[in-house]
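A.B. asks: Sequence:
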Amino acid sequence: MNESRVSPRGLYNWGNDFIQSALIVCPMPNSQREEMILNISIPAYYLLGHGLELLLKSYLLSKGESIKTLRNKYGHDLDKLFDESIKKDIQSYFLITNDEITLLKLLNFSYSIKELEYFKSGTKKLPKYSSLCEFSLKFAKNIEKYINEYH
1 MNESRVSPRG LYNWGNDFIQ SALIVCPMPN SQREEMILNI SIPAYYLLGH
51 GLELLLKSYL LSKGESIKTL RNKYGHDLDK LFDESIKKDI QSYFLITNDE
101 ITLLKLLNFS YSIKELEYFK SGTKKLPKYS SLCEFSLKFA KNIEKYINEY
151 H
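Numbering-wise (the working numbering), the sequence shown opens with residue 1 and increments by one.
For the record, the hints were derived by calculation from the structure and aren't laboratory data. No experiment lies behind these values; they were computed from the predicted model shown. Using N, Cα and C, we set each Cβ at its ideal position, and we do this for glycine too. Hints may be right or wrong, so weigh each one.
Unchecked claim - DEER-style ranges, computed between Cβ atoms:
#: 1; residue 1: 123; residue 2: 69; range: 15 to 25 Å
#: 2; residue 1: 27; residue 2: 73; range: 34 to 44 Å
#: 3; residue 1: 5; residue 2: 37; range: 40 to 50 Å
#: 4; residue 1: 131; residue 2: 83; range: 17 to 27 Å
#: 5; residue 1: 35; residue 2: 94; range: 39 to 49 Å
#: 6; residue 1: 102; residue 2: 32; range: 16 to 26 Å
#: 7; residue 1: 151; residue 2: 95; range: 15 to 25 Å
#: 8; residue 1: 37; residue 2: 92; range: 35 to 45 Å
Assemble the whole structure, with the sequences as input and the hints as a guide.
C.D. replies: Below, the structure written as structure tokens:
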């Protein structure tokens, strides 16, 4: 991959597109009742996870990390990406609550080991879909504001 052709804005755009795609595949429930009868959509969870991964990488790229480092050191591990974003002061640009951190960590259990891409029998522990959607939309909005302001 030609690193000079990858920008924080480009990664943001892709990340946001993945999140918007998740909401097309499986719209966010409007009520608690709707959430209870919602059929879990693994592709929608994957799309949200990949969107969040790209948004985190967008932020880290804007803070000087190379594409090679993002790929090799952090890979698809949302925890590692988020922890590095914390070290690079993401919380000074917008608040991320403990509940939102818990959502991200819970998603990462299945996302980082590719259980959302390849079938594996058994149960998966996933965050509440509506909460993950709300966090993903908030995160995308805040990353966009950050990029517009600083890049």
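A.B. asks: When the structure is checked against the list of hints, which entries are broken? Sort them ascending.
C.D. replies: Numbers 1 and 5 - these are the hints that the structure violates, sorted from lowest upward.
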